[in-house]
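These protein sequence lines map, in sequence, to chains A and B.
Taking this note's numbering, the leading residue of the first sequence gets -19, the next gets one more, and so forth.
Taking this note's numbering, the leading residue of the second sequence gets 18, the next gets one more, and so forth.
Mixed in with the good hints, there may be bad ones.
[To be verified] In silico DSS-like cross-links for lysine-lysine, where the CA-CA straight-line distance does not exceed 25 Å:
| no. | chain 1 | residue 1 | chain 2 | residue 2 |
| --- | --- | --- | --- | --- |
| 1 | B | K731 | B | K703 |
| 2 | A | K195 | B | K731 |
| 3 | B | K693 | A | K204 |
| 4 | B | K218 | B | K369 |
| 5 | B | K239 | B | K211 |
| 6 | B | K731 | B | K683 |
| 7 | A | K204 | B | K747 |
| 8 | B | K731 | B | K693 |
| 9 | A | K204 | B | K655 |
| 10 | B | K739 | B | K655 |
| 11 | B | K683 | B | K747 |
| 12 | B | K747 | B | K691 |
[Claimed, not checked] Facing chain B, from chain A, some residues (calculated, C-beta under 7 Å):
| no. | residue |
| --- | --- |
| 13 | E106 |
| 14 | F273 |
| 15 | I276 |
| 16 | R288 |
[To be verified] Stretch-level coverage of chain B by chain A, calculated; a stretch enters the list once three of its residues show a Cβ under 8 Å from a Cβ in chain A:
| no. | stretch |
| --- | --- |
| 17 | 413 to 426 |
| 18 | 689 to 697 |
Treat the hints as calculated values from the structure; they're not laboratory data.
Small disclaimer: the values here were computed from a predicted structure and weren't measured.
For glycine and all other residues, C-beta sits at the position ideal for the given N, C-alpha and C.
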Amino acid sequence: MDRNQMHPAIERVLGNIEKVMIGKRDVAELSLVALLAEGHVLLEDVPGVGKTMMVRALAKSVGAAFKRIQFTPDLLPSDVTGVSIYNPKEMEFQFRPGPIMGNIILADEINRTSPKTQSALLEGMEESSVTIDGVTHRLERPFFVMATQNPIEYEGTYPLPEAQLDRFLLKMKMGYPDIADEMEVLNRAQRIPPIEDLETVMDLAELRSLQTEIKEVHVDQTIKRYIVEIAGGTRNHSSVYLGASPRGSIALMKAAQAYAFMYGRDYVLPDDIQYLAPAVFVHRIILRSEAKFEGITAEEVVGRVIARVSVPVQRLVK
Amino acid sequence: MRYQRVQKDFATFLLYVLGFFLLWEWLRPVEELTDTSNIIVFLVFLVLSLLLAFFGVSPVMSSIIKVIYILYELHYLYFEGSFFQFSWIASFASDIWHNFGLLAERDWPAITNLFRSLLFFILLWLMTYLIQYWLINRRQIFIFFFMTLIYITVLDTFTPYTADAAIVRTVIAGFAVMGILTFNRLLEQEGLKKEASLSRKWMIPLTALIALSTGLGFAAPKAEPIWPDPVPFIKSYGQNSGGDGPGIQKIGYGEDDSRLGGPFIGDNAVVFRAEVESRHYWKVETKDTYTGKGWVTSQPEGEYLPFGLGEEIPVTSFIDNDAIETTEEVSSVYTFMNYPHVVYPLGLKSIKASPFITYELETATEKIRTLDSGRPFALEDYKLGFAVPEYSVTAMKASGAQAESLPEEFLSRYTQLPEELPKRVRELAQEITQDKPDWFEKARELERYFRRAEYTYSQTDVAVPDENEDYVDQFLFDTKQGYCDNFSSSMVVMARSIGLPARWVKGYTEGEFKQSLGSGLRLFEITNNNAHSWVEIYFPEMGWVPFEPTQGFNNNVQFNFDTAGQNTSQPEAEEPKETETPVKPDKPEVTSSKESAFTLEKLWGNIESFFKEHWKVIGAAVAAAALLVIVIFQKRGKWLPHYFIWRFKRTRNDEHFSKAYLILLKELDRYGLKRKSGQTLRDYAKYVDSFFSTREMSRLTARYEELVYRGVLKEGSWNDTKELWENLIKRTIA
């Protein structure tokens, strides 16, 4: 897509992130898509590829409160949500908010903690609120979780259940930087981490207004049909045990709206759908064991479905 | 043209060898048909030239080698002594110079053999150059192959050269060359490397195919040619008027009429000029025996009845009696051709010429020969005295009744018909004349019959009857077009078939009016184009009466209808009635079937029988139409975009934008830029743009995306993007 047409505010943010993240523009774009679409991101990758840096840079750019939770096996739900502590002076329980009460949260190694703690976070993600001691606390907008997880094959992990994976708008991988990029990373590492110097280029109010604006991006009937056909394609695919849910379709549409908006359009193109569909659908698909043994991945399945479903080139006749 | 680097592999070598074989086929007949000998010298030259080309010898070098070879061979063929003595060069040069002079004078036959050989060498040089160009640069040899085939077949048809083996050799070599060249072209187009396995995959089926097709050609039964040998037919074209036998003839007066038919070409040569008082035909001779193919005489030719000056001329014409009013007239004839006979009008009374001339009448034909001291002599001018008759129709009508008075011998001579004459001729004659009571009416009816629209006058499209066909029958029923011979012969035969004594008369029409000479005299010019034939029918006590059945001709014979009353059906019959529609014999059947109950079964039966009868024609038409449609469809790349441009260029309506864009997609697809079903328009546009190195498709697509995915069409979108669209669709024109 043409960078010249980028929405100016978005381009500002992305440019800001690029100052500290080298060669990861696509990841930054997708993260921003999720932030704008009020969704959450699951980053699956090995440690040390810059996941934290990414989130911190994003948070700093939009002037959001950044919180980080390192998930460990012994972490308790209250460590995430916050806890009520008895204040002897006031003679009452006082709520002390946990790290979830931020704008942008990095949930590091989410699959290392027990399902109980995981669900505490996931509830907050879904409902935009947490309930502690019978009191419901609304979470501040924007609320954006970027969870990271080690590849599940690693030992000592609690894989996220499918129903909970569904709550992430996008799943993506950072990947290793290429040689030139990594050398540049080394160059920068010799100096003070520049993240400290990063300026805020957008305030939260602007971000919120952008989030509202995105809902106005036009998704034509032809495009909706295209989304549904792709989702249906994942359900009917022979290698798939469980395809993308309607929630997946909604997620794809919302992500596409945000993505189109980023590129200065007020309507969604099939190109947007094709670009985002793998990120939106991959973690929502459960492959058959036979397919897994054959080495087929969910990415391949989604790729094939996209290649097969014909792109609408005419308006639907109503 | 530049010399492309020749790949020196086996396939290329094979190409050259096959090219040589094709060229050889051009030389083979030369040896056989012309007095060219030592053809081997030229063959060696061909081999040499092709080898030089194959090994990529530089043009300068190869030219030098070729020139030396040519000089050496010319010396070897035409000069004595050693090649290196160089004394022959001078005479060679002078010979060349001399021949250039001959060329300038266009004195072709005088050109020496030496110079001819030199020119032939140069021709072959050019040919090898062409072969090289076709084989290596163009990679197409079809034209040459086709020309070779034409050359061989034409020679086979028109010369003693038998090309049975040559055709087979040419086809094998030609197909092989074309096959290899196609393979090479494909390799080039697809950018493939020439691999042994790939070559095998192509060459083995190619060999098999050639073997199969030649084998089939050998084994298949060969039909005899539908045309008879065309050579005599075409050869006769060049012959003079009155050529023997059918064929294209020059019009004019001929002696032999035993085989009539075939087209005529005009000839404006003047035969004679005549000063006449009134228009009339000029007789030369008559014939009485119809053979089925033409006219001969029943009596032996060469029997002459001499008559002298002032004696009565023994030509038979009308008989003087009260029923015929006559007017005396005189005509003068000035001849332009050396014919030793006179042309004379009906009712000839006297011939006035130089007093030493004697005359004799050929009894078989009534041709009047002119003699000077016993030898045939062509007169330069002569005066003819004759009586112009005006026949009384009443007497004519009555005269048929006295038919019995005619001598048996006379009747049988002038009602002779060949036994093979098809029945339908007779039946037709009877049908035409059945309502008419007397001879005169019958004759008039027969004469009138030929004025029908179904008969057309033509000098060019005239058939020659086949061995088992009758000349008259063919004209009356099959071809229905012809010239005077067809019409007059047919009328004579039909008249005879109903018992009227008739004979066939040859001569000239009145010719072309030139000028008025005063005192009632008019000058006419009679050319070969005015040669003509007509009919005379004998009426008892009246004599011979001329009739003119040929369309567009008018004999100016006077019939007096005054006394005939209203009985004559068509007194104005002199004018051809072309509006008269012919009655088709099948018409009554059609109407009767309509009158009887019209049922679906019958209709179906009719349709079925129609298809059964015409299935070949219908099949051919359908096949041709299908072929046409296929060809048009195959070539749609050439015309369809033009049509779309024409259609959409005029409109300013934005609604057409979507339609036009979709058509563009389709045309691009046909052009070969395929869009996968999962490919987005934007992606495809980039692909198209990179293919054509433009940005037009992307710009056009951006507009279209807005329409399809946003549902918004900005006003004037089509106008803005029309040019982009037009440019793109023009690129799809194959």
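Status of the hints after comparison with the structure:
1. As the CA atoms of K731/B and K703/B are separated by approximately 23 Å, the hinted pair is consistent with the 25 Å bound.
2. Pair hint K195/A plus K731/B holds up; C-alpha atoms about 23 Å apart against a cutoff of 25 Å.
3. Restraint check for K693/B and K204/A: the C-alpha separation of about 20 Å stays at or below 25 Å, so the hint holds.
4. Our distance criterion of 25 Å between C-alpha atoms is broken by K218/B and K369/B, whose separation comes to about 93 Å.
5. Of the supplied pair hints, the one linking K239/B and K211/B is violated, its CA atoms being roughly 41 Å apart against a limit of 25 Å.
6. Taking the CA atoms of K731/B and K683/B, the gap is near 24 Å; set against the 25 Å cutoff, the hint holds.
7. Between K204/A and K747/B, the direct Cα distance comes to roughly 35 Å. Violation of the 25 Å bound is thereby established for this hinted pair.
8. As the CA atoms of K731/B and K693/B are separated by approximately 28 Å, the hinted pair breaks the 25 Å bound.
9. Between the alpha carbons of K204/A and K655/B the distance comes to roughly 39 Å, so the proposed pair goes past 25 Å and is violated.
10. Of the supplied pair hints, the one linking K739/B and K655/B holds, its CA atoms being roughly 20 Å apart against a limit of 25 Å.
11. A distance of roughly 13 Å separates the Cα atoms of K683/B and K747/B; the hinted pair therefore holds under the 25 Å criterion.
12. The hinted pair formed by K747/B and K691/B meets the criterion: a straight-line CA distance of about 17 Å does not exceed 25 Å.
13. The closest approach between the C-beta of E106/A and any C-beta of chain B is roughly 31 Å, which is over the 7 Å cut-off, so the hint fails.
14. Interface restraint check: F273/A against chain B, minimum CB-CB distance 27 Å, threshold 7 Å, status violated.
15. Annotation: I276/A was flagged as interfacial toward chain B, and the flag is violated, the nearest CB pair being 18 Å apart, outside 7 Å.
16. Hint status for R288/A: holds, given a least beta-carbon distance of 6 Å to chain B, under 7 Å.
17. Counting residues of the stretch 413 to 426 of chain B whose beta carbon lies closer than 8 Å to any beta carbon of chain A gives 0, which falls short of the minimum of three for the stated coverage.
18. Remark: the stretch 689 to 697 of chain B is confirmed as covered by chain A, as 5 of its residues place a Cβ nearer than 8 Å to a Cβ of that chain, reaching the required three.
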